[in-house]
Amino acid sequence: MNPRSRIVFLAIGLSACGTDDRPETLAYITDTILAPTCALAECHSAMTREFNYAFDTVALAQQALDGTDAIRLIAACDARPCSGDSYLITVITDRDGYGNRMPYDSAMPEEDVQLITDWIRDGAVGFVQPEAR
Amino acid sequence: MKMLVILVVAVIADTAHAYPEFQLSRDQTCSSCHLSPAGGELLGENGLDTAEQISQWGGAPEAFYGKLAMPSWLVVGGDFRGAAGLDNEGLKSELVEFPMQAEAYAEAALGSHFSLHVTAGARPPQYGNTASTLFSSREHWLIWERDGLFIRAGRFMPVYGLRLAEHPDYDRRYGGTPLYGEAYGISAEYVERAWELHATGFIRDPLLPDSVEQGNGAALYAETRVATATSIGLEGMFVEDRDDARLFGGMTAKHYVSSAGILLEMELQGVHQKVHAGGTENQIVGYALASYFYKAFMVDLGVGYFNENIRVTAVDREAIDLNIHWFSTSHLELILTNRIQLIELGRGGSGSGYSLLQFHYRL
Chain A
134 MNPRSRIVFL
144 AIGLSACGTD
154 DRPETLAYIT
164 DTILAPTCAL
174 AECHSAMTRE
184 FNYAFDTVAL
194 AQQALDGTDA
204 IRLIAACDAR
214 PCSGDSYLIT
224 VITDRDGYGN
234 RMPYDSAMPE
244 EDVQLITDWI
254 RDGAVGFVQP
264 EAR
Chain B
3 MKMLVILVVA
13 VIADTAHAYP
23 EFQLSRDQTC
33 SSCHLSPAGG
43 ELLGENGLDT
53 AEQISQWGGA
63 PEAFYGKLAM
73 PSWLVVGGDF
83 RGAAGLDNEG
93 LKSELVEFPM
103 QAEAYAEAAL
113 GSHFSLHVTA
123 GARPPQYGNT
133 ASTLFSSREH
143 WLIWERDGLF
153 IRAGRFMPVY
163 GLRLAEHPDY
173 DRRYGGTPLY
183 GEAYGISAEY
193 VERAWELHAT
203 GFIRDPLLPD
213 SVEQGNGAAL
223 YAETRVATAT
233 SIGLEGMFVE
243 DRDDARLFGG
253 MTAKHYVSSA
263 GILLEMELQG
273 VHQKVHAGGT
283 ENQIVGYALA
293 SYFYKAFMVD
303 LGVGYFNENI
313 RVTAVDREAI
323 DLNIHWFSTS
333 HLELILTNRI
343 QLIELGRGGS
353 GSGYSLLQFH
363 YRL
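Note that the protein sequences, when read in sequence, are chains A and B.
Following our numbering, the numbering of the first sequence begins with 134 at its first residue and continues without gaps.
Following our numbering, the numbering of the second sequence begins with 3 at its first residue and continues without gaps.
So here's chain B without its partners, still in its complex pose (with noise of 0.2 Å):
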């Protein structure tokens, strides 16, 4: 059972990114929630606001619940997450229960137009070196921010597509932005209601060199606002490492429909992969989702598609996802979470599926 547990948290384990479908069903951007101007982990005012507006049942937003003060210029949070549910992974099914995250952050201003932010707590530990690995700083940045224009530096996650919170989501599994994709780099970035752009440089982690991103590279994602309910955004991303160099190239799309409360949004790339030592591949991601806000709730109904290789039949992934969420209070989150897996539509190999409910508490 033991190792059965190790097992799902290693394929289930999760952080914290922002909801994407806020964005023009609540606001025009990421960053009118989020301290972050790629969105995720801390709240601003327009955010707090938010969570407990959508809540079920409220409560003082703010870490602690406002309880314990701070001075002006911190600003703390964290979040912690477990499910338990049903896994099938296409030869037997069996009930689980893991622990996802437990991550604390925290935001410095350091004078009117600097700020350092730090995310840190637990992680999955590498095998045989628990101790040494259990927890880590995930990201960490120092930034400098004047009307839209923001200057990152440090450890993050490269700004690319969606942004999806859910990270088996094909379009950030296979699309350049896997979980613990975090590398160190520099970003220039800039956000208005109309439009934004964020171009990262980024490097092998020199202190980390068991990073998840292995290659030096370079981002580039914009997007413009053709309408207060509809972007449309470009994309672009080059990695190469010690063994072969991957070119994504897509688009992303979004439209709220709000006299039904429903949000479309969809990414679509081509990656072209080079292996040096020989042999090439391209590939298509895609992924689709339409996201329905009602009271406390949010339904995400989602389509995936992956084809690792467009010359070899059989070898295209397609997923359906099912996830409602209820916020119940302002900290609070329930999520239940579903997925039917499939391989060239149930002619390429078996089938796959999990049934989560999902517990989710912000700080």
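So that you can see chain A by itself, here it is in the shape it has in the complex (with noise of 0.2 Å):
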């Protein structure tokens, strides 16, 4: 590779670098969002349930979004855009019932509660809505 090649390579990789591509899908949202900041042992993990929510997996995370035990955290939604106002959102951002922001030890990156807005605006791909079970 010549050295006018890898300065456009490097330029490309640098101009990725800060874009949000993430997919805006359960599974993603579970895996690297939701287990990693909710899903501490002594917290949302499955071993836990504080509450009654875990969400150390895809599955579980569709149960505690979906209240089956719980106060419900996504609204069920027809249309599109979904509306981004949910118990989820309220919890992350502001506080629960209880006068506590989720997660309890450190707030979420603004960056992470962006995506998750836009994922339940956007339909909230991966989760299934109680009605269309």
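Do not take every clue at face value.
Stated by the list, open to error - Under the rule of at most 25 Å between Cα atoms (straight-line distance), these lysine to any residue pairs were calculated in the SDA-like manner:
(1) K276(B) / V261(A)
(2) K94(B) / S216(A)
(3) K276(B) / P180(B)
(4) K94(B) / T158(A)
(5) K297(B) / Y67(B)
Worth flagging that the hints you see were computed from the coordinates, not collected in a lab.
Keep in mind that this is a model prediction, so the values were computed, not measured.
Since each chain comes alone in its own frame, lean on the hints to assemble the complex.
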């Protein structure tokens, strides 16, 4: 590769840096955001299931967001775009019913909150709405 | 208030590990003070001597102060921890108090080369299922040992990285060895003064499917003491579960500046995560720690860095930890533990922190 080509490739690489092209899917959001930030052993892991929410796996996240045995975190949506208002966003940006913002030990990065908000607005791809089951 | 206590216990619960700060500053290997080849929990003769020597007021370091005669083939111990202080999660500060750990250990020699280890005690219970989940055995293994070679089978934490005691440290939380990350596995380990090697294969817990480690995997950690006061380690781990696969790789380094009584150590990892349903992430996890020893005190100043996706801006976390340990007696330790945590140095979200006084009693 000649020096000029290297510069072009480097420029392409740097321009890609910082763009948020992460997939808006339940699987991706669970594995890369919810699991590492919410599913700590002592919190919303399968092991502890604080307030019956667990986010270790996609299947458990589906149950938690659906509010199978607790408060529902994502509202049902038929139209597009969906409303960004959901209990999940309220909990991670403001406070839950007990006055605590989640994650309890430290805030979620705003970029991650935005990705989750966009995902919900775009229909929460991968999340099976109760009405669809 | 009850709700708050539950939440804070949940976030800051702990389990005892060794202090890797003592490696190189006190002796060359973890196993020279601990019975386990990985360090942690039960102390051997050298570890008991160290516990007495470093403490302010000493006292018999054996379990039950040596008052309870144990058969020569049995070693017992335990750790009890609790904490109180100020916690700030970014929106508000609150005074908190909570228990952290109550666990007992036993190791029984079975002949001249085999031994059986059991760690049992309280754990964070599962919501709505407290009675049947409050007590458990976090670790139990059968080990064969001869001339520094260990073969271990059972439930234990794969040996990987610096193995710092504080589980919020980024190299543990995001670096492959989270709290309650123990799994059933088998390991081959070799430890001598100049170098050590730990190879572990592990599986998703067939008995407790709700365990923290949901995948099958393997871990490798190799460390060489390139000089009496310097070590370098290489590490790699692969874990795959139903949803994703993660590949960890990195290095550790330690150096003890004996003239200043300061131990420097660091761990740096790259993590590649592949989500089976689509998407990948490349992450960076790092932690650097300087430990200063003065009489019965150990002062740890640590800096952590975690970038959850290097292609996306403003999703990196930074942490500064200042922990002051006072070894008052052979058994009692008080720790003032403090953390400030930021996202993208304050530009990616609100910061958080805590200042807690931790009580630790070693049985």
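Hints versus structure:
1. K276(B) / V261(A): Measuring from Cα to Cα gives roughly 22 Å; hence the hint holds.
2. K94(B) / S216(A): violated, 28 Å
3. K276(B) / P180(B): holds, 19 Å
4. K94(B) / T158(A): violated, 32 Å
5. K297(B) / Y67(B): Roughly 22 Å separates the two Cα atoms, so the pair holds.
Violated hints for the displayed structure, listed by number in ascending order: 2, 4.
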